[in-house]
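Undergrad: Residue strings, one per chain:
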Amino acid sequence: MKHLSDTTPPPDPAGPDVPVLSATGISKRFGHVTALTDVSLAVAPGEVVALMGDNGAGKSTLIKILSGALAPDSGELRVGGERVHFANPSDARAAGIETVYQDLALADDLSAPANLFLGRERRRAGLLGRLGVLDNKRMQAEAEEYLRTLGARVPDYQAPVRMFSGGQRQTVAIARAGIWARELVIMDEPTAALGLVQTEQVARLIKRTRDRGIAVIVISHSVPFVTDVADRIVVLRLGSTAATLSPATTSHDEIVAAITGAATGARTDQQGSTS
Amino acid sequence: MTAHVPTSTVGADASGSDTANRLRRAVAALTSNWVFLALVVLVLAFSVQAGETFFNADNFRNILFNASGTILLAVGTAYLIIGGQLDLSIGSVLVFSQVIAAKTIVAVGGSAESGYPNAGAAIALGIAVSVAVGAAWGLLNGVLVTRLKIPSFIITLGTLGMGLGLAQVITKGTDVTGLPPQMVTDIGMRQVLGLPLPVWIAAVVAVVAGLVLARTEFGRYTYAIGSNAEGARRSGIKVTRHQIVLFTMMGALAGLAGVLDVARFTTTQVSGHSADNLVAIAAVIIGGASLFGGRGTIFGTAVGVMIPAVLNNGLVIVNVQPFWQTVAIGAILIVAVAIDDIKRRQQLRAS
Numbered sequence: 552m553k554h555l556s557d558t559t560p561p562p563d564p565a566g567p568d569v570p571v572l573s574a575t576g577i578s579k580r581f582g583h584v585t586a587l588t589d590v591s592l593a594v595a596p597g598e599v600v601a602l603m604g605d606n607g608a609g610k611s612t613l614i615k616i617l618s619g620a621l622a623p624d625s626g627e628l629r630v631g632g633e634r635v636h637f638a639n640p641s642d643a644r645a646a647g648i649e650t651v652y653q654d655l656a657l658a659d660d661l662s663a664p665a666n667l668f669l670g671r672e673r674r675r676a677g678l679l680g681r682l683g684v685l686d687n688k689r690m691q692a693e694a695e696e697y698l699r700t701l702g703a704r705v706p707d708y709q710a711p712v713r714m715f716s717g718g719q720r721q722t723v724a725i726a727r728a729g730i731w732a733r734e735l736v737i738m739d740e741p742t743a744a745l746g747l748v749q750t751e752q753v754a755r756l757i758k759r760t761r762d763r764g765i766a767v768i769v770i771s772h773s774v775p776f777v778t779d780v781a782d783r784i785v786v787l788r789l790g791s792t793a794a795t796l797s798p799a800t801t802s803h804d805e806i807v808a809a810i811t812g813a814a815t816g817a818r819t820d821q822q823g824s825t826s
Numbered sequence: 012m013t014a015h016v017p018t019s020t021v022g023a024d025a026s027g028s029d030t031a032n033r034l035r036r037a038v039a040a041l042t043s044n045w046v047f048l049a050l051v052v053l054v055l056a057f058s059v060q061a062g063e064t065f066f067n068a069d070n071f072r073n074i075l076f077n078a079s080g081t082i083l084l085a086v087g088t089a090y091l092i093i094g095g096q097l098d099l100s101i102g103s104v105l106v107f108s109q110v111i112a113a114k115t116i117v118a119v120g121g122s123a124e125s126g127y128p129n130a131g132a133a134i135a136l137g138i139a140v141s142v143a144v145g146a147a148w149g150l151l152n153g154v155l156v157t158r159l160k161i162p163s164f165i166i167t168l169g170t171l172g173m174g175l176g177l178a179q180v181i182t183k184g185t186d187v188t189g190l191p192p193q194m195v196t197d198i199g200m201r202q203v204l205g206l207p208l209p210v211w212i213a214a215v216v217a218v219v220a221g222l223v224l225a226r227t228e229f230g231r232y233t234y235a236i237g238s239n240a241e242g243a244r245r246s247g248i249k250v251t252r253h254q255i256v257l258f259t260m261m262g263a264l265a266g267l268a269g270v271l272d273v274a275r276f277t278t279t280q281v282s283g284h285s286a287d288n289l290v291a292i293a294a295v296i297i298g299g300a301s302l303f304g305g306r307g308t309i310f311g312t313a314v315g316v317m318i319p320a321v322l323n324n325g326l327v328i329v330n331v332q333p334f335w336q337t338v339a340i341g342a343i344l345i346v347a348v349a350i351d352d353i354k355r356r357q358q359l360r361a362s
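Heads up: the protein sequence lines correspond to chains A and B, in order. Just so we're aligned, residue 552 is where the first sequence starts under this note's numbering, counting upward by one. Just so we're aligned, residue 12 is where the second sequence starts under this note's numbering, counting upward by one.
A couple of the hints might just be wrong.
Over the 12 Å line for every Cβ pair with chain A, so calculated as not near, a few chain B residues [to be verified]:
#1 ILE93
#2 THR157
#3 MET260
Computed footprint of chain A on chain B, listed as stretches where at least three residues anywhere in the stretch have a Cβ under 8 Å from a Cβ of chain A [to be verified]:
#4 117 to 127
#5 221 to 234
Simulated from the structure, these hints should not be mistaken for laboratory data. Small disclaimer: the values here were computed from a predicted structure and weren't measured. All residues carry an ideal CB built from backbone N, CA and C; glycine is no exception.
Build the full structure now, drawing on both the sequences and the hints.
TA: Okay, structure coming up:
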């Protein structure tokens with residue numbers, strides 16, 4: 552793992568122009584339902600891409616493919632220019648891609664540090680470590696340090712995260728993804744259940760993660776949130792890329808129009824049901 | 012902490028509240044150990060009431076001896092419950108294992124007339140067989156639960172019936188006897204440093220299991236799986252394998268308890284273990300574990316085992332019908348869970 556306090560992005564060995572992740576010509580069908588048709592998406596280092604679209608547009612299917620939870624029927628994935636095949640989420644994690652699931656996937660009875668290091672625990676040095684003894688002090692110190700670089704805090708480093716508020720739990724989940732991601736963090740609707748202040752906090756976490764040179768793909772339905780955090784908005788509609796927009800030059804109405812299809816006059820009843 | 016991180020007032024606040032949190036937690040740990048306090052009060056009450064009849068080394072040795080088998084079962088049950096599983100079959104697995112072990116020892120040990128010439132080897136083999144047979148039942152439970160994706164409550168209800176039934180089929184309903192007396196003198200009643208060997212075995216198992224659960228990756232994964240099995244899986248933890256290991260451990264411990272049981276009574280106890288599962292589960296829950304998984308300790312479990320053991324012993328000494336013990340344990344179980352629940356809700360509201 553990289554030094555947690557190192558906030559300057561490490562020089563990308565593949566060069567700044569090579570996307571951390573690129574998906575080309577991705578298609579996916581579930582039986583008779585076409586979830587994705589020839590979708591392409593590339594994310595540059597330190598770029599925040601928002602994925603928008605109505606329910607059934609194919610957003611969830613796409614990020615499941617990017618995070619290794621689903622295999623595409625056709626199309627290719629490249630990480631840092633290298634062709635990759637993800638058989639499962641562990642493969643994607645090994646490639647430096649972390650995912651924040653909508654349900655957060657936290658172990659509620661464990662502390663924030665224990666959750667941050669879940670499945671990748673630090674062990675004590677020497678014989679004790681070989682016997683599987685954990686180095687809880689070190690994990691807590693590293694967790695505190697990383698959360699500080701994110702400008703985030705949790706109320707208690709020993710309490711189970713069950714005691715935390717929704718926003719605090721979200722913070723733990725995002726921190727867990729950020730601490731391990733070398734290339735990309737994927738977030739599935741991180742603000743869906745949050746209030747205004749907590750949504751702002753999530754936006755700040757995303758920006759801090761980006762500042763560390765890690766790309767972010769975030770699914771969201773919230774236009775204000777997306778225009779706040781994203782460098783680029785990719786709109787999916789009926790399983791295809793409908794538009795790529797710049798939040799700086801696009802009005803909220805135009806974004807909404809792109810999502811609903813009103814802008815192209817191609818609005819139809821949504822048929823996909825795979826979101 | 013790295014040097015370039017500025018010490019801001021925010022940082023000072025954080026460490027201040029951290030100290031407060033630690034203090035609050037220490038207080039909470041003390042008061043939350045009211046179950047332990049209850050055990051202490053119980054011991055004091057019987058000591059006052061019965062004096063030296065209760066409060067003497069021999070009697071305490073006796074209490075520990077009686078609790079040693081339950082400790083083994085409760086340790087395995089604690090791991091399973093914390094990992095989000097349940098094993099109802101432990102009594103049957105214990106009986107089945109001890110029947111196979113006893114048959115093995117009788118077959119290998121040699122005849123009583125010639126003074127059991129192979130007793131030593133037979134006993135060693137018997138212990139190994141009992142643990143292995145128990146582990147095999149546990150493995151079966153674990154594989155069935157994880158492969159069929161049927162709740163462990165149902166699977167182990169099934170193997171509960173199968174294990175006991177098969178033990179009865181093998182013994183034709185009569186307990187295995189004719190075991191070499193060395194079984195008792197060398198194992199079951201052997202005194203080591205003032206305590207019976209089974210007590211030492213139970214203590215070592217409990218201490219090691221407690222350390223592994225609290226300090227190691229294996230323990231951490233047990234809590235994580237009990238908390239959120241799907242989340243643990245997504246974190247790269249091999250959940251299925253871990254669950255199978257927990258069931259296998261449980262079976263092995265039941266097998267160990269089974270052969271120690273034989274070593275104490277020189278006979279199997281085919282009909283004597285039908286409530287073992289409930290006793291073990293009650294001990295784990297009284298000790299602070301959640302039946303939904305993710306919470307619990309071996310220390311709490313040990314306290315949860317000792318409370319009924321002390322009650323059983325003390326009530327006899329003060330001339331109260333020992334049947335009251337079951338009544339008391341039932342009440343303690345309900346009170347323990349109720350208090351735990353209230354405190355948890357308070358904590359949630361406080362945060």
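Undergrad: Next, verify each hint and record whether it holds.
TA: Consistency of the hints with the structure:
no. : hint       : in the structure
1   : ILE93      : violated (9 Å)
2   : THR157     : holds (18 Å)
3   : MET260     : holds (15 Å)
4   : 117 to 127 : violated (count 0)
5   : 221 to 234 : holds (count 7)
In this structure, the hints that do not hold are numbers 1, 4, in rising order.
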